[in-house]
Amino acid sequence: MTDTVLVAYGTTNGSTAQIAEAVADVLRKAGLSVESTPARSVTGVDGYDAVVVGGALYAGRWHKDARRFVRRHRVALARRPVWFFSSGPLDASASERDIAPVRGVRRAMDRLDVRDHVTFGGRLEEGAEGRVAGMILRSGKGGDFRDFAAIETWAEGVADALTRA
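Using my numbering, the first residue of the sequence shown is number 923, and each one after it goes up by one.
It should be emphasised that the hints constitute simulated quantities derived from the structure, not laboratory data. It is possible that part of the hints are untrue.
[Claimed, not checked] With beta-carbon atoms standing in for the labels, derived distance ranges:
#, residue 1, residue 2, range
1, 1065, 957, 28 to 36 Å
2, 1013, 926, 34 to 42 Å
3, 1053, 1033, 31 to 39 Å
4, 1054, 963, 21 to 29 Å
5, 1049, 962, 37 to 45 Å
6, 965, 1033, 17 to 25 Å
7, 1015, 1079, 37 to 45 Å
Ideal Cβ positions, reconstructed from N, Cα and C, are used throughout, including at glycine.
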């Protein structure tokens, strides 16, 4: 059984952080010890038995903090079970069908033998940082498309895999 899990995430406006916290809560309810923290603040993964990495999607790329985390810790990540999630579509598509990981995430998954990846809907609301975010909001395409029931169901699958190990 796995005891200690790191949930690391890359986020700009907090939506992916909230998804990461929801994942961490489900893992805690399953009896696991979980730390959820921004990917940029993680100095090492040696104290963790498993890792979940989440990243917001921007223009077809994972958040830079998630990409850097995976690159910086790739050797250690390759020695433990790892799951990835992405957040980003600003529509209902993530709830309607499986969305394949973007190319860079797929490459990292292959290198690290990642157990699973899922894409969840994103959130972009007034006050979001960034020029592109402002343009999206002005075009009327913002909103909250996260499906917390789907997030919890996915996290329960991760918890099952870890508690059966």
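Hints versus structure:
1. Between residue 1065 and residue 957 the beta carbon distance is about 30 Å. The supplied range of 28 to 36 Å therefore holds.
2. Residue 1013 and residue 926 have their C-beta atoms about 36 Å apart, which keeps the hinted 34 to 42 Å range intact.
3. For residue 1053 paired with residue 1033, a C-beta distance near 33 Å keeps the hint of 31 to 39 Å intact.
4. In this structure, residue 1054 and residue 963 meet the distance hint of 21 to 29 Å, their C-beta atoms being roughly 25 Å apart.
5. One distance hint, 37 to 45 Å for the beta-carbon pair residue 1049 and residue 962, is violated here, with the actual separation near 22 Å.
6. Against the hinted window of 17 to 25 Å, the Cβ-Cβ separation of residue 965 and residue 1033 comes to about 21 Å, which satisfies the hint.
7. Between residue 1015 and residue 1079 the beta carbon distance is about 21 Å. The supplied range of 37 to 45 Å is therefore violated.
Violated hints for the displayed structure, listed by number in ascending order: 5, 7.
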